[in-house]
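Chemist: The task is simple: from the sequences and hints, build the whole structure.
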Amino acid sequence: SNVKEDNPASLGIRAQSLSVFAYVSVYVMVKVFQAADATDLVTELRRSFDDGVTRGYEWRVTQLKKLLLICDNHEPEIVSALHDDLGKPELESSVYEVALLRNSINLAVKQLKDWMAPDKVAKTSLTTFPASAEIVYEPLGVVLVISAWNYPFLLSIDPVIGAISAGNAVVLKPSELAPASSSLLAKLLEQYLDSSAVRVVEGAVTETTLLLEQKWDKIFYTGSSRIGRIIMMAAAKHLTPVVLELGGKSPVVIDSDTNLKITAKRIIAGKWGCNNGQACISPDYILTTKEFSPKVIDALKQELEAFYGKNPMESKDMSRIVNSNHFDRLSKMLEEKEVSDKIVYGGQKNRDKLKIAPTILVDVPLDSQIMSEEIFGPLLPIITLNNLEECFDVIRSRPKPLAAYLFTQNQKLKERFALTVSAGGIVVNDIAVHLAVPTLPFGGVGESGMGSYHGKFSFDAFSHKKAVLYKSFIGDAAIRYPPYSTGKLRLLKALVNSNILEIFRVILGLS
Amino acid sequence: MEEVVDQSLREMRDTFASGRTRSVKWRKTQLEAIIEMVKDNEDKMCDVLFQDLGKHSTEAFRDELGFVMRSATTALNCLDKWVVPKKSNLPLLFYPSTGKVISEPYGTVLVLSSWNFPISLSLDPLIGAISAGNTVLLKASELSPNASAFLAKTIPSYLDSKAIKVIEGGPDVATILLKHQWDKIFFTGSPRIGKIIMAAAAEHLTPVTLELGGKCPTIVDHHSVSKDMKSVVKRISGGKWGSCSGQACISVDYVLVEKSFASSLIEMLKPMIRSFFGENPKESGCLSRIVNKKHFQRLARLLNDPGVQASIVYGGSMDEEKLYIEPTILLDPPLDSEIMNEEIFGPILPIITLRDIQESIGFIKSKPKPLAIYAFTKDENLKTRILSETSSGSVTFNDVMIQYMCDALPFGGVGESGIGRYHGKYSFECFSHEKAIMEGSLAMDLEARYPPWNSFKLTFLRLAFREAYFKLVLFMLGLKK
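Residue numbers (the UniProt record's numbering), protein chains in the order written: chain X, 1 to 511; chain Z, 1 to 481.
If you are wondering where the hints come from, they were derived from the structure by calculation, not from laboratory data. From a predicted model like this one, the values you see are computed outputs, not experimental measurements. Every residue, glycine too, gets a C-beta built ideally from N, C-alpha and C. Careful, some of the hints might be misleading.
[Claimed, not checked] With a straight-line cut-off of 25 Å between C-alpha atoms, the simulated DMTMM-like cross-links for lysine to aspartate or glutamate are:
id, chain 1, residue 1, chain 2, residue 2
1, Z, 471, X, 75
2, X, 465, Z, 429
3, Z, 383, X, 50
4, X, 456, Z, 439
5, Z, 28, X, 415
6, Z, 100, X, 255
7, Z, 365, X, 50
8, Z, 270, Z, 356
9, X, 414, Z, 445
10, Z, 179, X, 373
11, Z, 383, X, 114
12, X, 488, Z, 228
[Unchecked claim] So these bits of chain X aren't anywhere near chain Z, every CB distance computed over 12 Å:
id, residue
13, 66
14, 69
15, 73
16, 80
17, 186
18, 196
19, 301
20, 347
21, 350
22, 389
[To be verified] Facing chain Z, a subset of chain X residues (Cβ under 7 Å, in silico):
id, residue
23, 89
24, 99
25, 233
26, 239
27, 241
28, 434
29, 439
30, 445
31, 468
32, 471
33, 484
Modeler: Laid out in C-alpha cells, this is it:
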C-alpha cells in the first residue's frame, strides 16, 4: 500500500519493517561461520577451480595486479590497522610489509610466464628411448592459507601471491589476534579480488577447526610449532601436503673479531626494529665468549640509546607487545628466579601500555623459561662461553631454529657454521635480511617447519610438478615382454647399464 | 623390540652427529657397496623374489636388480654435482651480500617399503637417503618375508652398519618406530596407511614423502593409433601382466576405450596374453603370483561380485593353493562395483567403454588423482586436454610404466596418490634440507636501516626496496623529494 502520511498505523508498520530489516541485517553481518558454511565455501571454490577460472595466465596476472592496487591505494589504512593491532611504527609497516609485498607481486607478475612454462627434461635413458619428457606445472586446486598476527599483511598476502600465481583457488584465514588487520584484509580482498576463487574467512579457533575439517589440496600455515602439529594432523586425514612456517630460538653467535658497532646495530634493528622481537626470525639469544661479552653489552647499550633514546618506553619507533597474554608471558620470563637478577639493561614494564623496554640479560640458567621457549619479545639473553667453539654444542642441543646468525670475519668459522649448524636459513654478518631475498628459499627444518617459499619457491609450493613422458611407437624392444629368456635377460642388463657395445654384441649374437 | 629400536636410533644419531655420513667419500663407498651387494647376490635376490612373489628372474632383474644398480650408478656419477651449493643471484639492493643454497641431510631417516618390489622399493630410497648424507633405518615389508630377511642379513655385511640399519617386522614394529622422532619418513604403500604415517609424523613435525597408489587409467584413442594398435596392445599387456601380475602402484588399472572398438581391442588382447604366457599361464613361469592369501581373497571377492562375474570376457580362473589368478579381462563391469572403486592391484583388467573418447577426461576426473595416467593417442587436442584438465602424479603418452625408468623425471603422486617425489636427483633432494645461506658485509652500512625513524629514512627505504635506484640517487642528492 502506498503510505503517504505519517499516521500512527503507517508509522507502526514502518517501525515493524525497519526492526525486521535491522534484525536481518544484524544477523547477516554477525552470521556465525558454521560447518555447513565451510563445506559450502570449499564446494564453491572447487567448482570455480574445476570450471577453469583460475587456470589462465590472464586471470592470475589480473589478480596479482589487483593486489598491487591494494598496496598502492590503501597503504595509509594498512599502516593504521597495523598501528592499531601492534603499535607498529609507520616505517616498519611501509617497508617490511607493504614494500616487501609490492616487490613480491611485481616479481610474480614479471616472471609468471616463465614460471608457468614446462621444464624440458634433458635426457631420457636408453631403456626408455626414444622418448622426450617435460615437467608441467599444475595448480593443486583449492588451498588454505592460515596466517599469523605479527606481520598480518605480509604473512597473509605473500602466500596468497604464491597460491594465485600457481593458479589455485584460495581461502585465507588471517589471525584474530590482529583484528583490525584481519578485517581490513577481508574488506580489501573482497573488494578487489575475484571472490569466486579468493576468499577470506575471519575468526579464531572455532572457524579454523571447521576449515581444517575440509579437504584442501594444500595447507600453508605460519605460526607456532604447537599449532603446526595440529594442522599437519588434520591435513593427514586427507593426505593434504603442507607448508609449515614455524619458529624457534634463533641464536646469534658473536666472534671477537667482528666489527662490533655494525654488529650491534644490525642485531638491534633485526630484533627491536622488527616488531619489537615478535618475529619468527628474530635474534632470540646471543652466544659469545666470557671475555668479549662486556664489550658486546656496551656496544648494544650504546646503540640502543642511539636508536631509542634514554627513555625507550617513550619511543615511537618500536611496536608494542601484541596483547596482555603475551605481555604476561614475557613478564613471567623476566620474573623467574635466577633470571630477574641477570638483567643488565632495561627491564621496565608497563602493562597498561603493553610495553616492555629493550632488555638485556646475561647468563640466565640454560633451563629457565626464557632459554627454553621462543621469546618472541624484546628480551635478549646473552649466554657466555669459555670459548666460542662451544656454541656449536649449545645450538645443536636445542631444536633446529628458523634462522641462525653469526658475526665474524673468520672464513673458517663461517664455513664450519654454514655447514654444521642446522637451521632453516643461515645469515652471516647480518640479521633477517634473507627474508627479503626472493631467490633464497625461506622455510624451516625440524621444529622450525617444513617446506619453503618466496619468489619462485612460492609458485613451486602451490604447484604440482607433473612428469610427462612422450613415447613414440618406433622400436619396441622384445626384451620388455614375456616370455622371458636368458638372451632377453642379457640384453636387458646391457641396456640398464647403458652399454651400447654390449647391446650391439647381443643383437648381433656375438655375446 | 622397543630396546632394539631405541638403541638403533641412538647409534644412528651418534653416527650422524660424528659427521661421518657427511663426507662424499663415505656416501660413494656406500653406493659402491650397494652395487657390489646386488652384483654378488643376483642369484640369491632372484631366488627370494621368486619365493615371495613367483617373479621370473628376468622380471626381477628388469624391475628390481637392474633398476637398483642403475640408480646407484647414477647417484655415484652425479653426487659430486649434486652436493655443490647452488649460488643465488641477489637483487642489487643487497649488494655486496652473497647468497647460496646448501643441501644438508635431514639426519636420521626412516624408510618403510612395500612388498611388491621389495628390493627396489627398499634400496632405491636407501640410495637417496645415503647420497644425501643421512643415517637410515629400513623396514621392509613383512609380506615379502624372504626379501625382508635377505636385506636384514645382507645389508649389514656390505654397508656401514652404524649408519644404515635394517629391521624386520609388521605393523606392530612399524607402530613402535612411528612413536619416535625421525628427521624424515619415506613410505611406500597404500593411502590408508599413508594417512596413519602422516598423522604419526605430525606429532614430531617430521616431513614425509608418501608414495601411494590409485587407479591408473589407460586411454586408448583407437582413431589416432590404429596403425600402431599391435604395439598399443603389447604395451598395455606387458605393463599389466608382465610386472608383478598387476600388483604395482603404476600398473594399468583399467582401460578406457570407445564402445565401437572394445571388442576389437579384446580380440587383440587375448592372443597377446597367450603369446606371453602360453595356453596355461599358471605353468608359464613368467607370471608372478598373488603375494598372499589375504590379497588373493581380496581379489577373489572383487571378481565374485555377480555384476563383475557377468562382465568377464577372458580368463577368470583362480587357484588359491598356488595363489594364482589368470590374466582376466572384464568388459564394462558395473561402475559402482568395488573393483571399479578401489585400486585393483592384481591381474584383472576392466575395459570401460565410452561413446566418445573425449569422455575419458570426465571419467578420470570423477575419481581420486592417480599416480599415473596413460594415454595411447596421437591426437594433439586430446593430449592437451589430458594434460591440462586431469591431474595425476605423471602422464605417459603411448606407453605404460616406463616413466619409472626415466630417472630424469620426478616420480611421485598428488592428492590421494601421494606427497613428494624421488628418483635421480629428486631422491637426493627428497632427503635433503635446502638451507639458505646469506652473507653480508661488515664493511658497508646503510644508515637508513636503523632507528630512530624519520621521513628521510622512510622515503629512502621505499625507493631502495622498489629498486628505483635512479630515483634513489636523485633523492640522496636532494634532487627529489
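Chemist: Now tell me, hint by hint, if it's right for this structure.
Modeler: Taking the hints in turn, this is what the structure says about them:
no.	hint	verdict
1	Z:471 x X:75	20 Å, holds
2	X:465 x Z:429	14 Å, holds
3	Z:383 x X:50	18 Å, holds
4	X:456 x Z:439	21 Å, holds
5	Z:28 x X:415	23 Å, holds
6	Z:100 x X:255	22 Å, holds
7	Z:365 x X:50	10 Å, holds
8	Z:270 x Z:356	24 Å, holds
9	X:414 x Z:445	20 Å, holds
10	Z:179 x X:373	23 Å, holds
11	Z:383 x X:114	22 Å, holds
12	X:488 x Z:228	23 Å, holds
13	66	19 Å, holds
14	69	16 Å, holds
15	73	16 Å, holds
16	80	15 Å, holds
17	186	26 Å, holds
18	196	19 Å, holds
19	301	15 Å, holds
20	347	20 Å, holds
21	350	20 Å, holds
22	389	15 Å, holds
23	89	6 Å, holds
24	99	4 Å, holds
25	233	4 Å, holds
26	239	6 Å, holds
27	241	5 Å, holds
28	434	4 Å, holds
29	439	4 Å, holds
30	445	4 Å, holds
31	468	5 Å, holds
32	471	4 Å, holds
33	484	3 Å, holds
Checked against the numbered hints listed earlier, the structure breaks none of them; every hint is satisfied.
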